[in-house]
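Undergrad: First to last, the protein sequences are chains U and G. Heads up: the first sequence begins at 1 in the numbering used here, then just goes up one per residue. Heads up: the second sequence begins at 249 in the numbering used here, then just goes up one per residue.
There may be inaccurate statements among the hints.
Unchecked claim - Computed spacing ranges between beta-carbons, pair by pair:
1. U:146 x G:343: 24 to 34 Å
2. G:412 x U:146: 17 to 27 Å
3. U:53 x G:450: 50 to 60 Å
4. U:146 x G:291: 36 to 46 Å
5. U:126 x G:377: 48 to 58 Å
6. U:136 x G:364: 17 to 27 Å
7. U:53 x G:271: 50 to 60 Å
8. G:416 x U:29: 14 to 24 Å
9. U:139 x G:412: 34 to 44 Å
10. U:139 x G:377: 57 to 67 Å
11. U:151 x G:256: 27 to 37 Å
12. U:139 x G:430: 55 to 65 Å
As the list claims (entries may be wrong) - Incomplete in silico selection of chain G near chain U, CB under 8 Å:
13. 253
14. 254
15. 263
16. 264
17. 265
18. 330
19. 331
20. 332
21. 338
22. 339
23. 341
24. 408
25. 412
26. 475
Stated by the list, open to error - Chain U stretches covered by chain G per the calculated footprint, using a threshold of three residues with CB under 8 Å from any CB of chain G:
27. 56-67
28. 91-97
29. 102-110
30. 114-121
Keep in mind that the hints were calculated from the coordinates and are not lab data. A quick note: this is a predicted structure, and the numbers were derived from the prediction, not measured. C-beta atoms are modelled at their ideal positions from N, C-alpha and C, and glycine is treated no differently.
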Amino acid sequence: MREPTGRRIRRVTDPLPALRLEGVSRRFGPVTALADIDLSVATGEAVLLLGHNGAGKSTLLRLAAGLVRPTAGRVTIGRAGGREVPSAARARIGYLGHRTFLHEHLTARENLELYASLYGRRDAAALAERWLARVGLERAAERVIRGFSRGMMQRLALARALIHDPQVLLLDEPASGLDPEGRRRLVEIVGEAHAAGGTLLVVSHDPALGLEIARRVVVLRRGRIVTDDRADSRSTADWALAAGGVAR
Amino acid sequence: MRAWRQVVAILVADARREARTGEALMPMLVFALVVLVVSGFAFDLPALLADQRRRLVPGILWIAIAFAMLVGQARHLLADRDEDRASGLLCAPIDRTLLFGVKWLEGILLGIALQVVLIPLAVVFFDLDLGGAWLGLAAILLACTAALSALGTLLGSVVARLGRGEALLAILVLPAAAPVLIAGVKTTAVLLAGEPLASAAPWPAVALGTAVIYAAVGALLFESVLME
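From just these sequences and the hints, can you work out the full model?
TA: Here it is as structure tokens:
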């Protein structure tokens with residue numbers, strides 16, 4: 001079943017969590033980045049992950065994306081899991097991190113076609129065309145991205161993360177570098193993905209952005225979950241304070 | 249079918265990057281040609297007897313090839329650190345052993361591209377008579393290039409993962425490359441003397457064996473090296 005934009009609509013009937021971390025710890029030498037994390041995110045749920053710098057938010061996302069191996073514990077995406085995220089499970093994940101993963105000497109179109117092909121999509125050219133339009137870069141499609149602004153790179157990186165229609169979206173500071181128009185598109189695109197049944201785990205220093213999408217907030221402090229509650233249980237300012245930030 | 253599409257996509261992307269920047273092949277060619285020219289003048293090769301040239305040229309050729317490949321692979325692999333593109337590949341549902349295979353193949357292709365230019369120039373510059381040695385030379389070049397590429401791919405990934413530079417790569421690669429280079433030099437010397445490949449035993453087998461061992465070790469360890 002597809003919505004008018006051509007995006008596939010998934011039915012939220014799977015009782016299994018889309019993402020589950022069980023007893024997950026991760027140490028980098030003497031530093032404990034994550035300690036005994038238990039987190040389950042239901043299919044179709046949107047969760048905002050808050051915390052101060054070094055709380056372990058980005059490590060948790062990289063771990064769920066299969067880029068970091070846990071020191072202890074188990075990561076499960078859908079039905080597939082273990083100490084590492086298996087290849088088949090990685091196909092279900094769309095990850096946007098601090099770095100764009102983009103090739104600066106390729107054009108915007110070539111970058112998107114590359115990632116669509118890496119995720120096994122036969123319709124790479126059509127997908128690239130569609131996503132260039134969705135992130136407002138159709139006029140820059142044939143430009144080598146080396147000259148792109150930070151905001152344009154971030155838009156293209158968002159398209160890169162979503163081009164294979166992932167079921168689990170892991171977004172680390174997705175609004176970084178975006179202007180108001182870019183931020184509006186981001187909220188719209190991520191909101192559509194969520195409405196279509198996508199599961200979201202969003203890291204943001206800006207609770208206002210995350211709370212536009214998320215219905216649940218998890219706060220990390222020194223690698224441990226200290227709060228896990230409904231988003232509407234507190235005001236945006238209170239969430240900012242709970243995360244160790246400054247009220248906006 | 250999906251694996252085939254993934255391999256082609258990575259090869260095409262990296263070939264485009266190389267075609268637009270020449271960041272790996274150009275320094276390789278410049279380095280190798282400088283070694284060739286300087287060695288030619290240093291040893292006054294044109295003035296030597298054919299037999300004396302045949303003793304010197306294999307060493308010069310393999311030093312040029314090994315160091316040029318080291319330069320090229322370092323540029324090629326360490327470029328994936330920009331914007332953390334290596335993580336982009338690791339996120340994708342691609343078998344990580346296959347990923348090693350693709351990067352290994354790219355190293356071999358860079359080596360072949362270098363040799364396609366270098367060997368004919370060496371033949372002209374050093375006035376070599378290869379006679380019927382072309383096939384044997386191609387075989388030993390391919391075996392040694394495969395071994396050097398496997399080493400460079402694995403150890404280049406270690407260096408990239410550690411966030412270190414090309415100097416550490418040289419320190420790690422060159423000792424392990426020694427048996428490959430000795431096999432290359434010994435076999436090339438036999439071939440330039442007009443003898444068949446079989447006469448160079450056991451060196452062709454050493455070259456092939458190291459290629460197989462380094463590739464197998466690389467395929468086994470690549471994922472562990474790349475993962476945080």
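Undergrad: With reference to the structure, classify each hint as holding or not holding.
TA: Evaluated hints:
no. : hint                      : result
1   : U:146 x G:343: 24 to 34 Å : 30 Å, holds
2   : G:412 x U:146: 17 to 27 Å : 25 Å, holds
3   : U:53 x G:450: 50 to 60 Å  : 59 Å, holds
4   : U:146 x G:291: 36 to 46 Å : 44 Å, holds
5   : U:126 x G:377: 48 to 58 Å : 57 Å, holds
6   : U:136 x G:364: 17 to 27 Å : 44 Å, violated
7   : U:53 x G:271: 50 to 60 Å  : 34 Å, violated
8   : G:416 x U:29: 14 to 24 Å  : 19 Å, holds
9   : U:139 x G:412: 34 to 44 Å : 40 Å, holds
10  : U:139 x G:377: 57 to 67 Å : 59 Å, holds
11  : U:151 x G:256: 27 to 37 Å : 32 Å, holds
12  : U:139 x G:430: 55 to 65 Å : 57 Å, holds
13  : 253                       : 5 Å, holds
14  : 254                       : 5 Å, holds
15  : 263                       : 11 Å, violated
16  : 264                       : 6 Å, holds
17  : 265                       : 5 Å, holds
18  : 330                       : 6 Å, holds
19  : 331                       : 5 Å, holds
20  : 332                       : 4 Å, holds
21  : 338                       : 6 Å, holds
22  : 339                       : 5 Å, holds
23  : 341                       : 4 Å, holds
24  : 408                       : 14 Å, violated
25  : 412                       : 17 Å, violated
26  : 475                       : 5 Å, holds
27  : 56-67                     : holds (count 4)
28  : 91-97                     : holds (count 4)
29  : 102-110                   : holds (count 6)
30  : 114-121                   : holds (count 6)
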